[in-house]
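Trainee: Each chain is listed here by its residues.
Number of protein chains: 2
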Amino acid sequence: MKQNIYDNNKFFEKYQEIRARENNYNNLLEQPNFFTQIPTLKNKVVFDIGCGMGDFAAYCISQGAKHVTGIDISSNMIANAKKRHIHEGLTFMQVAFEDVTVPNGSIDFVSSSLAFHYIADFQLLIKKISTALCEGGMLLFSIEHPIVTANKGKENWITNHEGNLLHFAVDNYQDEGLRTQNWLVENVMMYHRTMSTILNTLIESGLQIEKIIEPIPTKEAVCNLPSLHREFRRPSFLIIRAKKHKSKLA
Amino acid sequence: MKQNIYDNNKFFEKYQEIRARENNYNNLLEQPNFFTQIPTLKNKVVFDIGCGMGDFAAYCISQGAKHVTGIDISSNMIANAKKRHIHEGLTFMQVAFEDVTVPNGSIDFVSSSLAFHYIADFQLLIKKISTALCEGGMLLFSIEHPIVTANKGKENWITNHEGNLLHFAVDNYQDEGLRTQNWLVENVMMYHRTMSTILNTLIESGLQIEKIIEPIPTKEAVCNLPSLHREFRRPSFLIIRAKKHKSKLA
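Going line by line, the protein sequences match chains A and B.
Sequential numbering from 1 applies to the first sequence in the UniProt record's numbering.
Sequential numbering from 1 applies to the second sequence in the UniProt record's numbering.
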């Protein structure tokens, strides 16, 4: 099932409001950690899945990438990306990754920031990425952490009568599949997968795990956005870097 | 700090009672999953860390292993192991792994069942294991899952007024280090480490992650020990198989 929540106008409007603020979870927590793992981009062919408004694709071009394809299922996003970033090395397409044809071994670097939890068939996704990557090519992606997506309840921070946070509720961990959350609008769909499913899928698809990050905010970030202190109590995000085996070594 | 809780006589007595029951978490959940990942043992040199009463070491011999060294910090355990299992290919020693000298590259297979969460310096432990392993050698270990060890509270299953389980409480996830739990006796010490610390430590020590298991009980196991149904709600254990890089490929 291909969800296209970013073409829900109410959702997209609220999303743009959040992203316009400098102090959000992406800017203060996910992106700084994601950026520590980006490979050298000079002359690389890059594929960005869930490219949104195209800022990361444009960044890759600015770092010398030969060509960057950014795809997103949302026409709102792709329209914005095309308006914001024009460069001969940049291609933006409104399409789901499942429906794209990418020549085998043609990509040096596949990136994806906070998009894979919207994709139903993770095995197919990772297999397709692994096939598209050249030998030694890299996949870098961030997703919502399994600790956060596990519970089917809508509110996972448990508070006492005074409204103080007691702990974070985990439940239904082994029951993978669809979850609905209230984020910006009601019933946003995403998919819960266990840590072992995520990692074993990468390994079984010929990708070697190189780095795992469960981001921790800096002190400065917590000053700017105090709710980030909760990240010490449980991680919101998971960032994984993996490398395509060279076939002789596989 | 080297904890030697198994030489606490009250603890050891209760531990023996539990292990004497067929229906315990080790027999029904951890061991069946651990065993799925054991390599071919024929002519292998094996090192078992936290060998307990030596049953796994003896199993390796029965499968054709050339030599098995079992170490445990507990004199109770080693005394039992030596009594239960006598074979020219078996050596049992009461010693902490930190204090053992193992020739570089001399071991084919390092195993450890539910012992690493008692060891304070995980980096040192894994580095030492990696150095002891031959090229292509394997490490297989199980530990308490980070979801379970995170919270500093003593009771992590949250219940309602009727005593029904509501959810599992996670907290203090990023605050690694000592935890005390009440298991069999009060204040058993163990160490909480995040998933990313565990996996990155292996990777940085030259070990390639091959398989992650968060064990799920079989229906039959849940019939035999109904409390195992909680394993669907959050995992108790984490099992990891990793392989020493061949140096040419590293």
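There's no promise every hint is true.
If chains are identical, the list can't say which one is meant, so a pair holds when it fits in one copy or spans any two.
[As the list claims (entries may be wrong)] Cut-off 25 Å, straight-line C-alpha distance, at most; resulting in silico cross-link-like pairs (DSS-like, lysine-lysine):
| id | residue 1 | residue 2 |
| --- | --- | --- |
| 1 | 219 | 10 |
| 2 | 152 | 219 |
| 3 | 211 | 243 |
| 4 | 128 | 211 |
| 5 | 82 | 154 |
| 6 | 246 | 219 |
| 7 | 14 | 246 |
| 8 | 42 | 66 |
Keep in mind that the hints were calculated from the coordinates and are not lab data.
Trainee: First find the shortest C-alpha distance between residue 82 and residue 154 inside one copy, then the shortest across copies, and answer within, between, both or neither for a cut-off of 25 Å.
Mentor: neither (35 Å within a copy, 54 Å between copies)
Trainee: Within a copy, between copies, both or neither: which one fits residue 152 and residue 219 at a CA-CA cutoff of 25 Å?
Mentor: between (31 Å within a copy, 23 Å between copies)
Trainee: Reference check for the pair residue 219 and residue 10, CA-CA at most 25 Å: within, between, both, or neither?
Mentor: For residue 219 and residue 10, neither the intra-copy (33 Å) nor the inter-copy (45 Å) Cα distance is at most 25 Å.
Trainee: Reference check for the pair residue 246 and residue 219, CA-CA at most 25 Å: within, between, both, or neither?
Mentor: Cα proximity of residue 246 and residue 219: none, with 40 Å in one copy and 41 Å across.
Trainee: Is it within, between, both or neither when you check residue 128 against residue 211 at 25 Å Cα-Cα?
Mentor: both (21 Å within a copy, 21 Å between copies)
Trainee: Regarding residue 211 and residue 243, is the shortest C-alpha distance of 25 Å or less found within a copy, between copies, in both, or in neither?
Mentor: both (10 Å within a copy, 16 Å between copies)
Trainee: Tell me, please, which holds for residue 42 and residue 66 at an alpha-carbon limit of 25 Å: within, between, both or neither?
Mentor: within (7 Å within a copy, 51 Å between copies)
Trainee: Using 25 Å as the alpha-carbon threshold, which applies to residue 14 and residue 246: within, between, both, or neither?
Mentor: Intra 44 Å, inter 51 Å, cutoff 25 Å: neither.
Hint compliance for this structure: hints 1, 5, 6 and 7 are not met, and every other hint is.
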